[in-house]
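**Q** First to last, the protein sequences are chains A and B. Numbers 0 to 398, taken from numbering that gives the first Met the number 0, label the letters of the first sequence in order. Numbers 0 to 398, taken from numbering that gives the first Met the number 0, label the letters of the second sequence in order.
Treat the hints as calculated values from the structure; they're not laboratory data. One or more hints might be untrue.
Unchecked claim - Calculated lysine-lysine pairs in the DSBU-like style (CA-CA distance at most 30 Å, straight line):
hint, chain 1, residue 1, chain 2, residue 2
1, B, Lys228, A, Lys80
2, B, Lys85, A, Lys294
3, A, Lys228, B, Lys212
4, B, Lys80, A, Lys228
5, B, Lys347, B, Lys380
6, A, Lys212, B, Lys228
7, B, Lys8, B, Lys380
8, B, Lys214, A, Lys85
9, B, Lys214, A, Lys228
10, A, Lys85, B, Lys294
11, B, Lys85, A, Lys347
12, A, Lys214, A, Lys74
13, A, Lys228, A, Lys380
14, A, Lys74, A, Lys85
15, B, Lys294, A, Lys80
16, B, Lys85, B, Lys212
17, A, Lys380, A, Lys347
18, B, Lys294, B, Lys347
19, A, Lys214, B, Lys347
20, B, Lys8, B, Lys228
21, A, Lys74, B, Lys228
22, A, Lys228, B, Lys74
23, B, Lys228, B, Lys74
24, B, Lys80, A, Lys294
25, B, Lys214, B, Lys380
26, A, Lys347, A, Lys294
There are 2 protein chains.
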Amino acid sequence: MAWPTDIVKLSRVRTLMEEQDLDALVVRAPDNLVYLSNYWCMKGYDALVFPREGDATLIALEPQLAEAQRNSWTKDIRLFKGYDEKDSRPPQFRSLDLAIRVLNEHRLTRRIGIELNMGTQSADRMVGEPTTATQIFFDSFRQIAGEVVDATPLLNEARAIKTAQEIERMGLANELAALAMEHVRDHIRPGMKESEVGAMFEGFVHGVGVGYKGKVEMARAFTLVWSGKGIATFTATGDRPVQEHEPTLLEIWVCADGYWTDLTKNVCPGELTREYHRLLDLLLQVFNEAVSYSKDGASFPELDRLTRARIAEGGYPGQPSHPICHGVGARAHEAPYAHQAGTGTIRKGMVLAIEPGVYWQGGGGLRLEDNFWITDAGNQKLCSYPDDFRLARAAGQTR
Amino acid sequence: MAWPTDIVKLSRVRTLMEEQDLDALVVRAPDNLVYLSNYWCMKGYDALVFPREGDATLIALEPQLAEAQRNSWTKDIRLFKGYDEKDSRPPQFRSLDLAIRVLNEHRLTRRIGIELNMGTQSADRMVGEPTTATQIFFDSFRQIAGEVVDATPLLNEARAIKTAQEIERMGLANELAALAMEHVRDHIRPGMKESEVGAMFEGFVHGVGVGYKGKVEMARAFTLVWSGKGIATFTATGDRPVQEHEPTLLEIWVCADGYWTDLTKNVCPGELTREYHRLLDLLLQVFNEAVSYSKDGASFPELDRLTRARIAEGGYPGQPSHPICHGVGARAHEAPYAHQAGTGTIRKGMVLAIEPGVYWQGGGGLRLEDNFWITDAGNQKLCSYPDDFRLARAAGQTR
Chain A
0 MAWPTDIVKL SRVRTLMEEQ DLDALVVRAP DNLVYLSNYW CMKGYDALVF
50 PREGDATLIA LEPQLAEAQR NSWTKDIRLF KGYDEKDSRP PQFRSLDLAI
100 RVLNEHRLTR RIGIELNMGT QSADRMVGEP TTATQIFFDS FRQIAGEVVD
150 ATPLLNEARA IKTAQEIERM GLANELAALA MEHVRDHIRP GMKESEVGAM
200 FEGFVHGVGV GYKGKVEMAR AFTLVWSGKG IATFTATGDR PVQEHEPTLL
250 EIWVCADGYW TDLTKNVCPG ELTREYHRLL DLLLQVFNEA VSYSKDGASF
300 PELDRLTRAR IAEGGYPGQP SHPICHGVGA RAHEAPYAHQ AGTGTIRKGM
350 VLAIEPGVYW QGGGGLRLED NFWITDAGNQ KLCSYPDDFR LARAAGQTR
Chain B
0 MAWPTDIVKL SRVRTLMEEQ DLDALVVRAP DNLVYLSNYW CMKGYDALVF
50 PREGDATLIA LEPQLAEAQR NSWTKDIRLF KGYDEKDSRP PQFRSLDLAI
100 RVLNEHRLTR RIGIELNMGT QSADRMVGEP TTATQIFFDS FRQIAGEVVD
150 ATPLLNEARA IKTAQEIERM GLANELAALA MEHVRDHIRP GMKESEVGAM
200 FEGFVHGVGV GYKGKVEMAR AFTLVWSGKG IATFTATGDR PVQEHEPTLL
250 EIWVCADGYW TDLTKNVCPG ELTREYHRLL DLLLQVFNEA VSYSKDGASF
300 PELDRLTRAR IAEGGYPGQP SHPICHGVGA RAHEAPYAHQ AGTGTIRKGM
350 VLAIEPGVYW QGGGGLRLED NFWITDAGNQ KLCSYPDDFR LARAAGQTR
């Protein structure tokens, strides 16, 4: 989708580049490309040369020219071929050659930032087979630049604070997630396979989300689905049947044109068991306390400690075995992370996924998760689907 | 899915390690992990230390222990935590620490191979947000090893020749693809959105594929779908409507427990136009000639030249702008690649995707693609769905 140039965002990045005395950034992780250019590559071979001053240069795969022209915030687009009759190397080598050429042309070789520590990246548009940096990529810039520094901390810092446009885009991903959850709530039946429930959710987002409100060009969802005893801290979707009277938990990532939401939503066909009523009451209390705590100026380590202490008081010490708070934006998981042995302060403009969970020995349990935009007035929940899914169920039954 | 240890495969890898005088390989790309251990990681943080002699060591994310024990070909499993209360670093650092420790313990520090040039990787089990190597990963091994070499050429060579077990596993992915195409053929209607067709295909594979015949633990599909004028060499799935009397083309990747198929299949609601009859006849001829040529001992550069020459003779010089032949296996795209400026010979045991295409100016065109296992008797097509989709349509109508 074409979006107006997010001047606020690009200015923040340039300010950080000035503070760190960088001539240029060269990014190739698909999420950083979307972030700085609004161009979402199909195959992960593409790159952006983003100078501190002047226009950026987008290096795009030839058949994506129309998409690049429609979406990119720079008009300086250089193309490389997927198949080049004279060059049998893979396409990313031609992209790298162009990036080096652009840096040389513009004499941007004094001090540059590349993604030396880009440990994870979100998907390209094709997904299923993303493209990663290689040793050759890292070495090539060292050969032409006076100094190469890791651009990751700078990009993490910039990305942590969202602009109005970013919140609008994440809102679209959250709207699609809520609609898809309502679709699942209305169509789930005991005995269905977990993977059929996942397929239903993902299919709804892809089918309805592409073209959604004329504002979304590409929408995709990824899920892990577990029902009843299948609920665990971390396993794959299986072919276990959906249980009546017990929750079916959906770990959800929805992506709208490169902007994400990371949610955990539950649905229960039938009347929840007493055991689950108790667990849900406990988790809602823990969840609401963590959400209330999350405001501008609050401490990340303290949020982690506080949430785990409440879960321990509720009878589940040592849980959960996964982080309970992290950033969301151009990835489903991004900096900052709340950790008791870490540092950091919650700031206005951040979007945080908050996700306490309790898992029973032998299977079963629950996790609640939504994304919260930190505002002057505390924070704002981004997905309308209720965390107390007893309410969601009631709404479904009145139809 | 638990599979018996593929002794033939592991022996081939060890022979190559001996030829290249390597003490050990350390792999972390999810596809190489599946290839050498049969363990498919959820998040891409995991690693395998694979020595030339003795048992391998799997380094697995703690909550995946049950999956690791069920599937892994090694009993030596070391676990790292997703959340460690004393360590605020991301999980992949703990995995890296363990890999280094195992190499030191076993004194495997003379000469090791890591994935220095792993330019692309297939998905982890979560997909949507894969994990990539960082500069720290590359540097760490240099600090402890006498010599670090790039393991990629060795793994490419080993992976190019498939074992009987690998063909069986790729057969499952192809069965699911054929069933999903039949499902699409029976349910596609003019006016549907391209993304709804993609969702239908992907949902079928995930819903039916998980648990398929008791032989598939995780199945997923990725598609690009274009109809009529939307058909191009390379664009994203959109919200264009399915055209009557014109093909809807599905670019398909189906993955069954880490083994893939890469296909292009077409379906046409209504009677194909005369223009498309002509194009399909031409492409079938080109396709069948390329397939006949592909046998043990034939030349990769010659296959590329020959196929492009036939397309040029048919009136479309310079087409297609993408490669027309590549390997398939633990990725949808892997070595070898056929290129007129490259080298290489087709060998018995390879599986090759063959995919000639012709794209019209202004939109529309066709691509045919299936995967072929090179055998003593020539080769064998792996997906039963017909490339002459006029036949597929007829079959659908007789129901």
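**Q** Has the given pair, lysine 347/A with lysine 294/A, been kept, meaning a C-alpha gap of at most 30 Å?
**A** 7 Å, holds
**Q** Assess, step by step, whether the Cα of lysine 214/B is no farther than 30 Å from the Cα of lysine 85/A, and give holds or violated.
**A** Violated, at about 44 Å.
**Q** For a C-alpha distance cap of 30 Å, please report whether lysine 80/B and lysine 228/A respect it.
**A** 22 Å, holds
**Q** Holds or violated: lysine 347/B and lysine 380/B, Cα atoms, limit 30 Å.
**A** This hinted pair holds, its Cα atoms lying about 14 Å apart.
**Q** Does lysine 80/A lie within 30 Å of lysine 228/B when you go C-alpha to C-alpha?
**A** 22 Å, holds
**Q** Going straight from one Cα to the other, do lysine 228/A and lysine 212/B come out at no more than 30 Å?
**A** With a Cα-Cα distance of about 23 Å, the restraint between lysine 228/A and lysine 212/B holds, given a limit of 30 Å.
**Q** Take the C-alpha atoms of lysine 74/A and lysine 228/B, compute the straight-line distance between them, and say whether it is at most 30 Å.
**A** 27 Å, holds
**Q** Verify the proposed pairing of lysine 8/B with lysine 228/B, using a straight-line Cα cut of 30 Å.
**A** 45 Å, violated
**Q** With the threshold set at 30 Å, check whether the alpha-carbon distance from lysine 380/A to lysine 347/A stays at or below it.
**A** 14 Å, holds
**Q** Checking one constraint from the list: CA of lysine 85/B to CA of lysine 347/A, max 30 Å. Satisfied?
**A** The hint holds at about 28 Å.
**Q** Checking one constraint from the list: CA of lysine 85/A to CA of lysine 294/B, max 30 Å. Satisfied?
**A** With Cα atoms ~25 Å apart, lysine 85/A and lysine 294/B stay inside 30 Å; holds.
**Q** Run the distance test for lysine 214/B versus lysine 380/B: straight-line Cα separation, threshold 30 Å.
**A** 21 Å, holds
Hint compliance for this structure: hints 8, 16, 19, 20 and 23 are broken, all remaining hints hold.
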